[in-house]
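Engineer: Sequence:
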Amino acid sequence: MLAFDLTALYPEAIRFQWMTDVRTWYIATYGDRFFYSPPAWFPLYTLLEAFYHLPLTLWAIPALLRNDPCIPLALLVFGLETLLTTITCLAEMLSWAELTAEQKGLQGLGGMYGGYAIFGAWMVWDCYWRVNGILVRKGKEGKKE
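Going by the UniProt record's numbering, the sequence shown opens with residue 1, and the numbers climb by one from there.
Derived by calculation from the structure, the hints in this document are not laboratory data. Just so you know, these numbers come straight off a predicted model, no measurement behind them. Using N, Cα and C, we set each Cβ at its ideal position, and we do this for glycine too. Incorrect hints may have been included.
Stated by the list, open to error - Here are the in silico distance ranges between beta carbons for each label pair:
| no. | residue 1 | residue 2 | range |
| --- | --- | --- | --- |
| 1 | Ile27 | Lys138 | 25 to 33 Å |
| 2 | Leu54 | Ile134 | 24 to 32 Å |
| 3 | Ala74 | Gly111 | 38 to 46 Å |
| 4 | Leu54 | Trp25 | 21 to 29 Å |
| 5 | Thr20 | Leu48 | 39 to 47 Å |
| 6 | Phe51 | Glu12 | 51 to 59 Å |
| 7 | Ile27 | Asn132 | 23 to 31 Å |
| 8 | Arg137 | Trp59 | 18 to 26 Å |
| 9 | Pro11 | Ala101 | 33 to 41 Å |
| 10 | Leu47 | Arg130 | 25 to 33 Å |
| 11 | Pro62 | Trp122 | 20 to 28 Å |
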């Protein structure tokens with residue numbers, strides 16, 4: 001995130017040349033329009049990454065390590081948002097006529113965006129069942145009282 005996705009938000013003075021070089025190589029290799037000619041809605045996704053994904057990730061990593069009870073609900077929302085924004089990007093990318101089959105496939109953007117969508121879907125599935133288990137246990141405890 002910090003070294004690639006969010007670099008467009010950085011002032012030129014703090015953007016290292018290697019970040020620009022990686023981005024240039026990525027665009028030349030994969031043809032990912034999101035990084036040189038994004039649709040009107042894509043900057044919102046970049047802001048979500050900066051102001052939601054990044055802070056939540058910085059909180060979630062230590063929260064996972066300390067088994068914070070808020071993790072399942074927080075990651076359920078995070079996973080759902082990740083899944084929905086990623087499949088939107090995947091659908092948009094698949095409509096780009098200039099990309100080759102290889103660029104759209106598993107070895108290209110399809111694999112990158114598809115893998116991230118699978119990660120989001122897994123997180124939603126896992127966290128849904130964790131939250132469900134907590135609620136079922138609480139419901140049973142409430143009936144005993």
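Engineer: Indicate, hint by hint, whether the structure satisfies it.
Structural biologist: Structure-based check of all given hints:
1. Ile27 <-> Lys138: 25 to 33 Å: The hint (25 to 33 Å, Cβ to Cβ) is violated, given that isoleucine 27 and lysine 138 are roughly 49 Å apart.
2. Leu54 <-> Ile134: 24 to 32 Å: 27 Å, holds
3. Ala74 <-> Gly111: 38 to 46 Å: 28 Å, violated
4. Leu54 <-> Trp25: 21 to 29 Å: Holds: the Cβ-Cβ distance is about 23 Å, inside 21 to 29 Å.
5. Thr20 <-> Leu48: 39 to 47 Å: Since the Cβ atoms of threonine 20 and leucine 48 sit about 23 Å apart, the hinted range of 39 to 47 Å is violated.
6. Phe51 <-> Glu12: 51 to 59 Å: Given about 21 Å between the Cβ atoms, the range is violated.
7. Ile27 <-> Asn132: 23 to 31 Å: 42 Å, violated
8. Arg137 <-> Trp59: 18 to 26 Å: At 25 Å between Cβs, range holds.
9. Pro11 <-> Ala101: 33 to 41 Å: With Cβ atoms ~38 Å apart, the hint holds.
10. Leu47 <-> Arg130: 25 to 33 Å: 28 Å, holds
11. Pro62 <-> Trp122: 20 to 28 Å: With Cβ atoms ~21 Å apart, the hint holds.
When held up to the earlier numbered hints, the structure conflicts with 1, 3, 5, 6 and 7 and fits the remainder.
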